[in-house]
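Construct the entire structure; sequences and hints are all you get.
To convert, note that position 101 of the sequence shown is 102 in this note's numbering; the numbers rise steadily by one, no gaps.
Hints in this document: simulated from the structure, not taken from any laboratory. As the structure is a computational prediction, the values presented were derived from the model and not from experiment. Watch out, some of these pointers could steer you wrong.
In silico EDC-like pairs for lysine to aspartate or glutamate, Cα to Cα no more than 20 Å straight-line [claimed, not checked]:
1) K20 / D94
2) K104 / E86
3) K104 / E80
4) K20 / D34
5) K20 / D91
6) K20 / E103
7) K85 / E103
8) K104 / E10
9) K70 / E103
10) K26 / D54
11) K36 / D116
12) K36 / E112
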Amino acid sequence: MIKKRIKEESDILTEVVLKGMQEKKASDIVVIDLKSMKNAVSDYFVICSANSDTQLDAIARSVEEEVSKAIQQHPWQSEGRTNKEWILLDYVDVVVHIFLKEKREFYALEELWGDAPIRHVETETAKVV
2 MIKKRIKEES
12 DILTEVVLKG
22 MQEKKASDIV
32 VIDLKSMKNA
42 VSDYFVICSA
52 NSDTQLDAIA
62 RSVEEEVSKA
72 IQQHPWQSEG
82 RTNKEWILLD
92 YVDVVVHIFL
102 KEKREFYALE
112 ELWGDAPIRH
122 VETETAKVV
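Listed below in structure tokens is the structure:
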């Protein structure tokens, strides 16, 4: 019973994170569903790209603001703000990765979790594909 409630909360959190990303025009947004993966560190990875370090910061702030406003939650851990290449916001059940485009290609997180279901989010229409 408790497990179902946690999954529902991570689903809601993921949708709020997506809204924060879309507010600042993040590109190439994907959601990797790790719930069925053995030994997964969270329920979801939400990954997007930014065109500049300024946009990288803006997306991270937008995600934090939307999550704080909607569900009064703050990241358990935040990394990468000083390097401005890859910002990680760890909400435990949902881990947010905001990359500069070239760094995202280098680390290729989607390929590391190739067995997990991946959904691509359209940024212009805000519809999940």
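Each hint tested on the structure:
1. A threshold of 20 Å between alpha carbons decides the hint, and for K20 with D94 the separation of about 17 Å falls inside it, so the pair holds.
2. A distance of roughly 7 Å separates the Cα atoms of K104 and E86; the hinted pair therefore holds under the 20 Å criterion.
3. For a cut-off of 20 Å, the pair hint linking K104 to E80 stands: about 15 Å separates their Cα positions.
4. Of the pairs offered as hints, the one joining K20 and D34 holds, with about 17 Å between alpha carbons and a cut-off of 20 Å not exceeded.
5. Taken as a hint, the K20 and D91 pair is honoured in the structure, with Cα atoms around 17 Å apart against an allowance of 20 Å.
6. Note on K20 and E103: the hinted pairing is violated, with a Cα-Cα distance of about 23 Å set against a maximum of 20 Å.
7. A hinted pair counts as satisfied when its Cα atoms are at most 20 Å apart, and K85 with E103 qualifies at roughly 12 Å.
8. The suggested pairing of K104 with E10 is violated, with an alpha-carbon distance near 30 Å, which exceeds 20 Å.
9. Only pairs whose Cα atoms come within 20 Å are accepted, and K70 paired with E103 is rejected, the gap being roughly 31 Å.
10. Restraint check for K26 and D54: satisfied, since their Cα atoms lie roughly 13 Å apart, inside the 20 Å limit.
11. At roughly 12 Å between alpha-carbon atoms, K36 and D116 fall within 20 Å of each other, so this suggested pair holds.
12. A hinted pair counts as satisfied when its Cα atoms are at most 20 Å apart, and K36 with E112 qualifies at roughly 17 Å.
The earlier numbered hints that this structure contradicts are 6, 8 and 9.
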